[in-house]
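A.B. asks: Residues per chain, in single letters:
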Amino acid sequence: MKPTTDLEVPAGLPPEVAQEVGKFLSRRNLLATAGVAAAAGALTMVSYRDEAQAATMSPAAKATTMAKVAKGAKVPAHAWCMVIDLRHCDGCEVCTQSCQQRHGLRDEQTWIKVFGMTDAAGGTFHMPRPCMMCEDAPCMYVCPVGATIRTNEGLVLVDVDACVGSRACMAACPYEARYFNWTDPLPPKRMPMPATPQMPVPQKGTVGKCVFCADRLPQGELPACVAGCPMGVLYIGDLVTDIAVNGPGNTVVLSEFLRDNDAVRYKEELGTNPRVYYILGHGQNLGGVA
Amino acid sequence: MTTQALTTQAMKTLAVTAEATSTSARAASLGPFGKPSRLWWLTILALSLVVLTGIGAWVVQLRGGMGVAGYSDQAFWAIYIADVVTFIGVSYGGAVVSAILRLTGATWRAPLTRLAEGTAVVTVLIGAALIIPHIGNPIRLYELVTRPNLSAPVFWDFVAVMTYTFGSIVFFALPLVPDMAILHKGHKEALGSRRVTLYARVSRGWVGAPAQRRVLAGALGLVSIMIIPLAVSVHSVLAWAFATTSRPWWHESIWAPQFVVAALYSGVALVILVIAGFRRGYHLEALIHPRHFVRLGFILATLSATYIYLTFADLLPGSYVADRGTAAMFTELLVGRLAIWFWLFAVVGGLLPLLLVALPWTRNVWGMVIAAILVVPMMWLKRILMVVGPATYDTMTGIFGRYHFTWVPVAITLAATAAIPLLLMLLFRVVPLLSIDEIEEIEQMQEVNDLERNAARRRQTGSGESGADDDRLVGAKGKAHRVAGATGVLALVALMGLLAVGSAHPAQAATPHSGGTTSAPAVTITGIEAGGLMQLTATLTSPHGKPLPNAQVAFLFSTTEFGAQARFVPLGSATTDKAGIARLTLGGDADHLYQPTAKGPQQFVATYTAPGAQPVTASTTVTVTAARSAYTPAPAKPLASIGNVLVIALFSIVAAIWLTLGTQIWRVRRVCQS
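From first to last, the protein sequence lines are chains A and B.
The numbering used here numbers the first residue of the first sequence as 498 and each following residue consecutively.
The numbering used here numbers the first residue of the second sequence as -16 and each following residue consecutively.
Everything labelled a hint here was simulated from the structure, so no lab data went into it.
Just so we're clear, the structure is a prediction, and the values are computed from it rather than from any experiment.
Treat the hints loosely; a few may be bogus.
[What the hints assert, rightly or not] Now the in silico label distances, taken between C-beta atoms and shown as ranges: (1) A/715 / B/33: 54 to 64 Å; (2) B/208 / A/612: 51 to 61 Å; (3) A/612 / B/29: 45 to 55 Å; (4) A/680 / B/38: 16 to 26 Å; (5) B/115 / A/756: 50 to 60 Å; (6) A/612 / B/342: 52 to 62 Å; (7) A/756 / B/300: 31 to 41 Å; (8) B/622 / A/756: 28 to 38 Å.
[As the list claims (entries may be wrong)] Here's a subset of chain A near chain B, in silico, CB distances under 7 Å, partners left out: (9) 663; (10) 667; (11) 673.
C-beta atoms are modelled at their ideal positions from N, C-alpha and C, and glycine is treated no differently.
I would like the entire structure built from these sequences, with the hints used as guidance.
C.D. replies: What follows is the structure, encoded as structure tokens:
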């Protein structure tokens, strides 16, 4: 659980990534000796980008990693996800309030937002929407300065100390999960601490979003919304260890839970591979809300 | 047919005035260098005030945040990005007038090129500067260089805009060499000491030798070829910043070409306005004729028709298929809240200019200037619709958010608009207003052509000429807040209470109960790994020591992943056989998917609850050797792997462009020195 914003290759990277970087460096040397200095400058950036991509597990790097996984190489220790059991959600919005309290957010900054939905039969239900932590996060690809990063545990985080405030990520997010600090943030209610991608502190002119309370997870604590939900709707899960747990303490085998309850992902058709699973209970119409 | 007739007419007009222009081009270029009139000073003062107000508004926005500009999470992109698109768009007008007309050998361009290129440079610089108020944290813009994300369209926007700016400056600067040489040589007294120094430096070594002319013409030809795809790339990449998102109406393949045509359309309109303004302000009527306006008007009309067509082609397929988001967007645009603005654009910004060019009695300087005055703001309006519409559409709820202008972005937009004439007026205090050398060169060509044509015509017939159009001159002219306090505190108290209850009540209450009641049955558990699968075996005995058949034994495992206090995860249950033994193989069948995910010791629990009794449990710790991760990453996107190749190719192209552009300056410099 280390931030992956460094320009250097993080120490824990799989060896094949180092190999890739090496490949680019050797190509750069080749060109430099050929005297194409300008192109070499560009290649430095290319190889830097490779490092950044590798650090954030881009699809390309992931493919190589998976090739190694097949041969028994190291895999990430966790792959965080969330399961939202809509059968029990009564729309009380305690999740939203717990989150806003913990992260010092304004009322309109709903990192987890409860939408009132209407199903095909005209019935209504409630649908909490945190960050979907997409495996192919559209927001990450469009950030001009790479301030949106993806940890190897699958958390899509924002480095608020790097964010330029282009809001390209807000345009790209199909789930409207990002919120901007349009004005000065609320005065801190607790002792101020330095911002990290895992525990961001709102900063004027930067974007913010749900982080699954990434600072809590390594300690084995539950995210604020999960802990707060009185109905046990929200589960925090780990796809690697195959466990999910909700606030009241119900602990399940994740894969069986998803299968037995016919879990679906929202806007599956966009190919973002979200890591939030919804369990429908009453025939709610989740798909097709483009 | 008409165009052909007009072309011959214009050639005639040019030929007739050929002798006069050569001197008037020089005189006209020197005109702005004299003592400025009171009107000039007043204009500069007024424009500066507008620009300063805009800068003041930007400072207000820096202090208060972008919220003061009317932005909210419902409208995350709005006026500024529309301004960027508009201003960078209009700079394409310079490229079309100079580069395309140069390449097609349209000699009538000569008196317009300098003004058009100057407009291109000035507007692209203003457009690039408008990114600053658009950005929430402009002080960090340097990160585009220090830590770029090479998959981001916005980064490539930056690269494309920078490259195009460099190209425009080279294209603007190269023809200055002969012009400055002419003025430095023949009109030193009219230049003033500072311009003399500048002109001497720029034109050092230029004598107009054939070798020099050949090199300069070659360089300009190459740059004019390059500037066209460069401009196409800028407007395309700007469009892709929108089109690469999954928002309705943005995610359209037609957006890039539509942006390019929009840029050309608004750009030609701005060139008409700039030319009209300078023609009147500096009395260039002898050089810039109504013909020029009509010709630019024809280009404008062609582009207007093309843009109307593209707009229709943009809207038809989405309206026809009408999936939810697109249908909502187009309904809002065509018949909803935005309809009045869209149809205003369609009529005033599309049809009316077309009509003004098409109707013979408005096909004059006034008509063209009015058409241009309509096009420029209407194209800005179209960009506003294109940006604000999809940006305010909530893809979760399908509801449109609101965006309201405040005085801040209005002031900044007006400042950017005022900056165009301001910077142009200042620019043409420094550099000559007309490309003297080009005009004179074309005059020489015209004279030769004209002599030949006149001779030929005299030989054929003495038919009368159709009357030229009259040379009339023209002047260019906000939410309810929730009760957070009390509810928040109550919710927090309730939350803490729930947490306490939750943690005091571990799942399944699987604490081993041993001893105590002797009447309780006993359970034991063992686990072994066999064939890579974990087999759990529980033996259940009655209080009397006999095996207990047909009883449901539940299996669990413990985890400390979510808290130091172990949580127990149910694995399923099995029924005891006659020997009182229940078996469960993890991953053994479709109902039991769990398999150990980490090597090392893992605790398993068996529990049995007799009807109406306390549960009995037993636990065992097995050292797992065959573990597997339950996680399978999503497959990589099919085309993701070509990203690196593409990046290297793009960087090579950009490097080659910069190198080539730089080389052209160096070529011209070298031939001047030899």
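A.B. asks: So the hint says 54 to 64 Å: do the beta-carbon atoms of residue 715 of chain A and residue 33 of chain B match that?
C.D. replies: Hint holds: Cβ distance 55 Å, inside 54 to 64 Å.
A.B. asks: Do residue 208 of chain B and residue 612 of chain A keep their Cβ atoms within the hinted range of 51 to 61 Å?
C.D. replies: holds (53 Å)
A.B. asks: Falls inside 45 to 55 Å, the C-beta gap from residue 612 of chain A to residue 29 of chain B?
C.D. replies: Given about 51 Å between the Cβ atoms, the range holds.
A.B. asks: Using 7 Å as the Cβ threshold, decide whether residue 673 of chain A counts as touching chain B.
C.D. replies: Interface hint status for residue 673 of chain A: holds (5 Å vs cutoff 7 Å).
A.B. asks: Range first: 16 to 26 Å. Now tell me if the beta carbons of residue 680 of chain A and residue 38 of chain B are that far apart.
C.D. replies: holds (21 Å)
A.B. asks: Given a hint of 50 to 60 Å, does the C-beta separation of residue 115 of chain B and residue 756 of chain A actually sit inside it?
C.D. replies: holds (52 Å)
A.B. asks: Residue 663 of chain A was flagged as interface toward chain B. Is the shortest Cβ-Cβ separation under 7 Å?
C.D. replies: Holds - the Cβ of residue 663 of chain A comes within 7 Å of chain B, reaching about 5 Å at its closest.
A.B. asks: Have a go at the residue 667 of chain A hint: is there a Cβ in chain B nearer than 7 Å to its own Cβ?
C.D. replies: Hint holds; residue 667 of chain A Cβ to chain B Cβ min 4 Å, cut 7 Å.
A.B. asks: Between residue 756 of chain A and residue 300 of chain B, does the beta-carbon spacing fit 31 to 41 Å?
C.D. replies: holds (39 Å)
A.B. asks: Is 28 to 38 Å right for how far apart the beta carbons of residue 622 of chain B and residue 756 of chain A are?
C.D. replies: holds (31 Å)
A.B. asks: Tell me if the beta carbons of residue 612 of chain A and residue 342 of chain B are separated by a distance inside 52 to 62 Å.
C.D. replies: holds (54 Å)
When each numbered hint is compared with the structure, no violation occurs for any of them.
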